[in-house]
Amino acid sequence: MNPLCKTAAWLGCTLLVAHAWAHGVPMPQHGGLVDDAGLVAVEMVPGKGAVDLYLTDDDAPVDAHNVKGVLTVTNPDGKQEASIASVSGNQLRAKGVTVKPGAKVTTLLTMADGTTKVSARFKVK
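Reading the sequence shown from the start, the letters are residues -22 to -1, 1 to 103 in mature numbering (1 follows the signal peptide of the UniProt record, and there is no 0).
All clues stand as given, with none of them false.
Cross-link-like lysine to aspartate or glutamate pairs, in silico, EDC-like; alpha carbons within 20 angstroms at most:
id, residue 1, residue 2
1, Lys46, Asp30
2, Lys101, Asp55
3, Lys95, Glu59
4, Lys103, Asp30
5, Lys46, Glu59
6, Lys57, Asp30
7, Lys78, Asp55
8, Lys82, Asp14
Read the hints as simulated data drawn from the structure, not as lab findings.
With the hints as constraints, model all of the structure from the sequences given.
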């Protein structure tokens, strides 16, 4: 292989790697924790007696209408579960749960098509 071909191949690989690095976990838009769940990114924002979730794809809101699911909070002192329902726009909410420091939070969402499942996991510091 001549040196020009080697250089071109090396540059091509470098550009592919740089492109992959550019698509990391998105930045939180609501002050929460973000997990890239594959199909969408899920941002978890714990509140008083509830947890809000926001769905995005490449930092653009994803409509959460008809998205349902279950949120499980494993606090250091016990486990809680709550149903997740859409609120408006890209926002979902699970009521009746408290997230404490050291908690592990998991979500299992069923997307609007009724069959696609998305799972996200969070560790609260």
